[in-house]
Every structure is written in structure tokens, then in C-alpha cells.
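Asker: What follows is each chain in one-letter form.
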Amino acid sequence: MARAPDDDEGTWRVAADTGGGIDALGQFRLFTVFGPIGRSVNFTQANLMMCVAGAMILALIYYGMRPRALVPGRLQSAAEMAYDFVMSMCVDSVGPEGRRFFPFVFTLFLFLLIGNLLGVFPYFFTFTSHIATTFALALFVVIMVTVVALRAHGLHFFTYFFPAGVPVALAPLLIPIEILSYLSRIISLSVRLFANMMAGHVMLEVFGAFVVMLGAAGLLGIVPAAFAFGVNVILIGFELLVAVLQAYVFAILTCIYLHDAVHLH
Amino acid sequence: MNTNTGSTPPSFDERLRAARDRQGLESAAKPEDARNGEPGDWGASPLGVGLRLGLELATALFLAIAIGWGLDRVFHTRPLFLVLFIPLGGAAGVLNIWRIYRPRPDRRAD
Numbered sequence: 001m002a003r004a005p006d007d008d009e010g011t012w013r014v015a016a017d018t019g020g021g022i023d024a025l026g027q028f029r030l031f032t033v034f035g036p037i038g039r040s041v042n043f044t045q046a047n048l049m050m051c052v053a054g055a056m057i058l059a060l061i062y063y064g065m066r067p068r069a070l071v072p073g074r075l076q077s078a079a080e081m082a083y084d085f086v087m088s089m090c091v092d093s094v095g096p097e098g099r100r101f102f103p104f105v106f107t108l109f110l111f112l113l114i115g116n117l118l119g120v121f122p123y124f125f126t127f128t129s130h131i132a133t134t135f136a137l138a139l140f141v142v143i144m145v146t147v148v149a150l151r152a153h154g155l156h157f158f159t160y161f162f163p164a165g166v167p168v169a170l171a172p173l174l175i176p177i178e179i180l181s182y183l184s185r186i187i188s189l190s191v192r193l194f195a196n197m198m199a200g201h202v203m204l205e206v207f208g209a210f211v212v213m214l215g216a217a218g219l220l221g222i223v224p225a226a227f228a229f230g231v232n233v234i235l236i237g238f239e240l241l242v243a244v245l246q247a248y249v250f251a252i253l254t255c256i257y258l259h260d261a262v263h264l265h
Numbered sequence: 001m002n003t004n005t006g007s008t009p010p011s012f013d014e015r016l017r018a019a020r021d022r023q024g025l026e027s028a029a030k031p032e033d034a035r036n037g038e039p040g041d042w043g044a045s046p047l048g049v050g051l052r053l054g055l056e057l058a059t060a061l062f063l064a065i066a067i068g069w070g071l072d073r074v075f076h077t078r079p080l081f082l083v084l085f086i087p088l089g090g091a092a093g094v095l096n097i098w099r100i101y102r103p104r105p106d107r108r109a110d
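If you're matching them up, the sequences are chains X and G in order.
UniProt numbering puts the first residue of the first sequence at 1, with every later residue one more than the last.
UniProt numbering puts the first residue of the second sequence at 1, with every later residue one more than the last.
The reader is advised that the hints may include incorrect statements.
What the hints assert, rightly or not - Pair ranges (Cβ atoms, derived):
no.: 1; chain 1: G; residue 1: Val94; chain 2: X; residue 2: Ile236; range: 31 to 39 Å
no.: 2; chain 1: G; residue 1: Phe75; chain 2: X; residue 2: Phe162; range: 56 to 64 Å
no.: 3; chain 1: G; residue 1: Ile65; chain 2: X; residue 2: Ala195; range: 14 to 22 Å
no.: 4; chain 1: G; residue 1: Phe75; chain 2: X; residue 2: Gly54; range: 39 to 47 Å
Hint data in this document are derived by calculation from the structure and do not stem from the laboratory.
For every residue, glycine included, the Cβ atom is placed at its ideal position computed from N, Cα and C.
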């Protein structure tokens, strides 16, 4: 957890020291919030955004479902659609047992979805663009999947790494490969989300800087600046797509891993 | 309105479906449902699929190199575990891709 060494307003510092070039990665720098209290416990803007996302999800569910109307309003529709969507995702890809994992997948999906979407807004921070966040989530998912598999199948789970019908002579080769493939889920799951979010925000920053630089270059720069601005508008729409899609992908992959854990292959 | 004279009126579900069809809601929801649980399909664009497969290949190799390097560091046998783990990592990457694209009769059945 890095923090700006000397001042509270890290954003100002970052904005100021972009200098001549484009500081595309400066937006991912962490700084502490809430003054000395935040500094003493290293409470960064990423943590703040996680709390905001959590509060927004709780508010959506609480205020959305409070009317309990037969014909739902907008907020209730949103809450019900999220519930329906995740429930069908669980049941379709895990099977009937998927209902047991619904609370986990629902929390995970909404947390990532709100986190990704909040990041598209100006001045907000995308906590999913940090590998530390996504890696922790992916590690948690894989450990939980392993525990679920061990509880469901006991030691029989280890046949997952050595399928039936394979010659025993291949075991020394096959088992390490299977274990590596199993463990690589942690990295591919976390890197997919983190890389998508980071790449999108870097592109936004780069084209945003183009607008400012070319716009400042005088009359000749106006047309390319307008073009860069148009690209940025398209990129924002693209970012919205990526935000939803990557949250969906993370959740559905969790479901698929759970399916493997419950059914072993 | 003149379609259901004489016969039983259409059920609420049918009328709801017809209304949703008119609004284009039902057809919009369809591809989402069809995609669920079909891991080879999402990502939609060829670029997305390519990136995903590249990621699957690279992560296994990266993990294998990390493990090999770490074991070498612990046991002071510099190239040995690295040499051992790199082919295994490459194979694990290919296995990851096979996992995505293998035919799975069981997935549809249950």
C-alpha cells in the first residue's frame, strides 16, 4: 500500500507532476484518505471505494426490496433482476446444488459490478484495477472451491488430478501438469479482471491527454483533438461494456469452478 | 382482441410473453440465457477469445516459472527446477485451453 509521502491531496500532486509526457499510470497511485486517521491505518481511496460499493449494494437491496410491491418500481426491478440473473447463472452452470452458493456468487458479482462501474465515473477510483484486490478475490475463490470439493468428495477429490483410465506410468508427468493447471486459475482469474480494467483506464487517460495536448496546440490541433475526444466517448461506452462483462465473467468462472468441485469433471 | 372469442382466454404467462415480444424484451434476454454455462462462447469477439486463450497459456507457464525459480532459490540448484517446470507449465497451458474447448456432453445433460 503505497501512499503519497508528503501531502493529503495526492490527486493534486499526481495532476501536477504529469509534466510533459502522459502519466497514464498515475491514476492508479494509492493515497490515504481521511487525514491523519486514515494515514495511521493506511486507509486508501481503494478501501474507501470498496466501502462505497458495499454500501451501495446494501442500499440497493434494502431500499429496493422494502416496498415489496407486486409490480416492482425501478429500484425493486434492479434488485430483482440482479437476483434472478445470478440465481439462473448459479443453477444453470452448477446445477441444483448451485443454490447453496448463490449468496457467495451474488455478493461477488455485485461487488465487482459496482466496483467496475464506479470506476467509469470521473474522480472515482477503480479498485478492481489493482492486482492486489483481484488476486485476493481469486485466491479466496480457489481456496473456497477446493474446500467445497474436499467436503463434498473427501480424499476422492484428489482423483481430479489423475483421471481414471490413464496409465499409471504417466502419473509423474500428468499430476504436476494438472496441479499447475489447477493453480493457474488463481492467476488467470485475477489477471483477466485486473488487466481489462487497467487497460481500459489507461486508454481513457491517454486519449484524454491527447485532447488536452492537441487542443492546446492551436488551430491545427482542433480537428485531431475532436477526433481523440470522439474516441474517448466511444471508449467510455466500451468501458461500461467491459465493466459488466468482466464482472459477469468472474462470476460465471467461479460458478464453473464450483461445478467442477461439486461434480469432479 | 377477436382472437380469443369463443375459446379460453390466453393465460397470464402467454399474454406477458406476447407483450414482452412486442417490446423486444424477450429476444434481448435470449442470447444471455443461451450463453450461460458455455465457457467457450463468452468474450464474444474473436479478439476477446484470442486474449483469453493467450492468457490461459501464459498464466500456467508464468506460474511454472515462478515455482521453478522459487524452488531453485530455496535449494540452490539454479537451473534444475526451472528446466523441469517450464515444459510442465507449457503443457498445463495447453491443458487449460483443452479444458475450454473439449466437447462436454455432461455439461448439457445435467
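Asker: So the hint says 56 to 64 Å: do the beta-carbon atoms of Phe75 (chain G) and Phe162 (chain X) match that?
Answerer: 26 Å, violated
Asker: Starting from the hint 31 to 39 Å, judge whether the C-beta atoms of Val94 (chain G) and Ile236 (chain X) obey it.
Answerer: 38 Å, holds
Asker: Take a look at whether the Cβ-Cβ distance between Ile65 (chain G) and Ala195 (chain X) falls inside 14 to 22 Å.
Answerer: 18 Å, holds
Asker: Quick one: are Phe75 (chain G) and Gly54 (chain X) within 39 to 47 Å, going by C-beta?
Answerer: Given about 44 Å between the Cβ atoms, the range holds.
Of the numbered hints listed earlier, the single one contradicted by the structure is hint 2.
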